[in-house]
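A.B. asks: In the order they appear, the protein sequences are chains A and B. No gaps in the numbering here: position 122 of the first sequence is 122 in the numbering used here, and each next residue is one more. Going from the second sequence to the numbering used here is simple: count from 1 and add 1000.
In short, the hints are calculated from the structure, not lab data. Mixed in with the good hints, there may be bad ones.
Facing chain B, from chain A, some residues (calculated, C-beta under 7 Å) [unchecked claim]: (1) Ile7; (2) Leu14; (3) Phe27; (4) Leu88.
All C-beta atoms in this analysis are idealised placements derived from N, C-alpha and C, irrespective of residue type, glycine included.
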Amino acid sequence: MKRNFKIQEIERALARMKKETPEPVVFDRVWYKLEDRIQSRTRPQHIVWKPWGHPVRWVALAACLCVAVTGVLVQQQANENNEVASYLVNVSNPMATISHDQNIVKVSALLSDSPSSVPEMSDEVHIDSLATDEIFL
Amino acid sequence: MTELEAIDRCRKGDIAGLHVLYEMHRTKVYNLSWRMLGSPQDAEDALQEIFLKVFDRIKNYRGDSAFSTWLYRMTTNHCLDLLRRRKILTFLGFENAPEAEDKKDSEKAINLGLSPVVAQALEKLPAKQKACLLMREMEEMSYEDIAAALQLSLGSVKSNIHRAKALLKEILEKEGLSQEDV
């Protein structure tokens, strides 16, 4: 026969169940198992990294390897491209590289004239004067 | 040794710290697992796994909430994971169908100290509702603690408990049981 339950009746049933405790378990046995598992995990042979231990690790290792090799190849390609580009610029317009050279200081044409002409003139004057002195003596 | 000292020692990898925490909380963790999973063997395994997880993940415990709340969260997550996995395995045909297991329910309930009829009805509740109801009615946890343990809002916990009771009532009525059976 179908009967209508009240929520309070269900709460009472649950409260009755609460008072009854589950059968006692051997907590010590569980602890010994737990302790054994922790200690066996900390033994040195368990620290050794074994990437082959699981298929997922294989995939992870292959992915890492793939990324590393691709990185190296891309870097090499970039270096080669830079070298070729700089070579082509050198060959096609050598002056461009010179004018762009930061180490060269541009000096005005007037200042950069050879200073040898002026000392030569003064040398001549000195020589002449000495020569005359000698004549007078 | 206080709980805080035990947590500190456990963080440093000291198994003695874990033992203290185990002594403090083992009964509650075991009871909750038993009631959620429905078998003492599963509860024993869960107890072991949960404290192993505690030892591994205690560094992630920041102390924002009580340790017991954090532990309950771990317990319920572990049990919900197991129930979910069991459901998938049943669906795929790797485990016995629930109908076949129903016969054992009354035996399980006697071990659990539950009324067999209510235990059967509890088995039919959705996992989250069951967890909320058990934590509230059997473990006498506050709504706030349940919300923290299950990572739900307070309103969601209350509505889950209300729905669980309504569903339990519906199941018991459908079975055509009297109050004496319950």
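A.B. asks: If a hint holds in the structure, say so; if it doesn't, say that too.
C.D. replies: Against the structure, the hints:
For Ile7/A, the interface hint holds, since its Cβ comes within 7 Å of a Cβ in chain B; the closest pair sits about 5 Å apart. For Leu14/A, the suggested interface contact is upheld, since its CB lies about 4 Å from the closest CB of chain B, less than 7 Å. The beta carbon of Phe27/A is positioned within 7 Å of a beta carbon in chain B (closest approach about 5 Å), and the interface hint is therefore held. A cut of 7 Å between beta carbons decides the hint on Leu88/A: the least distance to chain B is about 57 Å, and the hint is violated.
When each numbered hint is compared with the structure, a violation occurs for hint 4 only.
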